[in-house]
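Just so you know, we're using my numbering here: the sequence shown kicks off at 7 and counts up by one.
Derived by calculation from the structure, the hints in this document are not laboratory data. All the pointers check out, no bait thrown in.
25 Å max Cα-Cα, derived DMTMM-like pairs, lysine to aspartate or glutamate:
1. LYS70 to GLU148
2. LYS254 to ASP188
3. LYS254 to ASP222
4. LYS213 to GLU152
5. LYS100 to GLU88
6. LYS279 to ASP188
7. LYS254 to ASP283
8. LYS213 to GLU202
9. LYS213 to GLU148
10. LYS213 to GLU196
11. LYS254 to GLU218
12. LYS254 to GLU196
13. LYS70 to GLU126
14. LYS254 to GLU210
15. LYS70 to GLU196
16. LYS254 to GLU243
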Amino acid sequence: MTNFSSPIDIGRCSLRHRVVMAPMTRLRADENHAPLDMMREYYAQRASVSGTLLITEATFVSAKSRGRDENAPGIFTQQQVEAWRHVTDEVHSKGSFIFMQLWHVGRAARQHALDKAGLEMVSSSDIPISNEYPTPRPMTTEEIWECIASFASAARNGIDAGFDGVEIHAANGYLIDQFTQDTCNRRTDEWGSSIENRSRFCLEIAKAVSQEIGPDRTAIRLSPFSTFQGMRMQDPEPQFTHLISQLKHLGLAYLHLVEPRIAGNADRETDDKESLDFALDA
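Let the hints inform the model, and build the full structure from the sequences given.
And the structure:
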């Protein structure tokens, strides 16, 4: 019988058990988004049982992907790569493994942070999270392809920093999720208007990252039922069934699905129809 203490292989990592540390934003980077020494200590403590897999907090893939927490880490400069290497070396010294979560916030940015960085708020469409948020500008096709390339570049930087793999953050209402779900994506071009087109941005990123570092070092996180940051399609199952079925062809290290009872950093009420069982048959 399989239980939490049973070993399992995840990509190139042979885990001694099945308890994984999920990504949690800690805001322990400097003004240049380089991890501080306290981050090395933080992850080392959680790697103390050898054979454990850790997933880092969400990490900016490029200067343009920012616009939120000023002390969140990045992986788009050499300074950041070198700072992260201290973290990965410490985790590996404990006999454990670590994946980096790759992040673009899209319309979930904060206006003051955008203004400070000289950036625009962008998304799949001009649909704000709520009336309290600014209206984002729809990304151009050129910007979309540039963003896809930035995820691949960030993944390569992550491997250069010593990570065992990366997890693409396609959940919780951030940019990739903003393309996947029709609560936000109202495009009528090849990046919207159908289940297949809304899946395209996520799939192109997954393909680009897989080609850059290998599918066995690439993972992805989805949140089909989350209402966080203005998300939750009326019926998520057809959209995410298609997306997951296509992701399966890539042979990724793992698929990380958020339970329906979770909405970002809070619990939510669910009904009997909200279940991740559909993903097993996708």
